[in-house]
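Enquirer: The chain contents come next:
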Amino acid sequence: DARVTQTPRDKVTEMGQEVTMRCQPILGHNTVFWYRQTMMQGLELLAYFRNRAPLDDSGMPKDRFSAEMPDATLATLKIQPSEPRDSAVYFCASGWGLAGFTGELFFGEGSRLTVL
Amino acid sequence: QKEVEQNSGPLSVPEGAIASLNCTYSDRGSQSFFWYRQYSGKSPELIMFIYSNGDKEDGRFTAQLNKASQYVSLLIRDSQPSDSATYLCAVERAAGNKLTFGGGTRVLVKP
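Protein chains in written order, with the working numbering: chain A, 1 to 116; chain G, 1001 to 1111.
Looking at chain G on its own, in the form it has when it is part of the complex (with noise of 0.2 Å):
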């Protein structure tokens, strides 16, 4: 089992539409969680970070942390043709760890 899974995707999604992206990790002490976007050609750039359960809203994104179930999830709403990109999940397991990254969710919307 990977430390980090997301499904890989495609994600199609309508323009306008919400785009739902999950990812799980497999260590419950993980505490750190960020999402990063990877344009094709580009390095991965943060869109989102988030440290407690519940959700965090950042304009149009939105991430959902419940670390019971060990799934961390973001919603791109209104979703643009310039959010087609490939998406990372990113989990931290404590001070001082690693950073362990999925294999990402590629997301394509289509005007």
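Next up, chain A with everything else stripped away, as it sits in the complex (with noise of 0.2 Å):
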């Protein structure tokens, strides 16, 4: 049963400090997205890669926030110093396109980042 993986689920941590997520896409899929959803702001686009080179990181705060995918298998989501407005549940999504387009999304289970 294919499905993109999060980790970690829950995140506890004080203002300051560096949080990593991680994500592993569907084998296959090209193209992973990051998103971060509350209820006042709904789901954001924060960065997506392509066939992992970085397409858009416009929605994500350059000075504290960074995305990577080292590999195939692994996308990375790291915010470096954490502040209490990041609390928020941050997804990732993969899929699959045709022609440069994004198709269906799979988004894994959440992160959900709580910062004190």
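It is worth saying that the hints were derived from the structure and are not from the lab. All of these numbers come straight from a predicted model, not from anything done at the bench. For glycine and all other residues, C-beta sits at the position ideal for the given N, C-alpha and C.
Partial list, computed: chain A residues near chain G (C-beta under 7 Å):
1. GLY42
2. LEU43
3. LEU45
4. ASP56
5. GLU104
6. PHE107
7. GLU109
8. GLY110
Can you join these two chains into the complex? Each is in its own frame, and there are hints to help.
Expert: So this is what it looks like as structure tokens:
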């Protein structure tokens, strides 16, 4: 049963600490997205990769967030230093699009981050 | 103006009725349109996608697209309590562009 795997599922940390979230996309998918979801803002795109190359990270605060895809089986999202306003559920999603389109996205179960 | 707009709801419908959800988008060049369902505390899952003007049916769900008016809608026929969820509209402008989500419409189906 192919699925997107995210770790950690829950993370509570203190302001100023570094947080790293990991995502294993579905094998064979060529597109990986990182979204953040809050009640106020809904689903916000932070960054996405196609064939491991970053295509758009305009939604990400560059001074504290970084996203990488060191290989086809791992995507990471790092926050350093973390702030209370970063508290949210972070979703990773992967897909296989034809002709460059995204197509269907499969979401992981999310990483719930609480920054105190 | 947000790129993708939805009424947040809640949209309350009696069991067995038709639920009608609307979504408008600002970029006239948008080409791909998706409806995702998200149960409380869960991740979004795809219900339907539509690329061409007109209607597309899949079981109890019908997606409707009108590019001239820049809206896409979702009809849920014979609504069931299990359809109670938040429905997210997503729009992709062109190949290689980001997939942008609306804020979602919460649907409550009452027995």
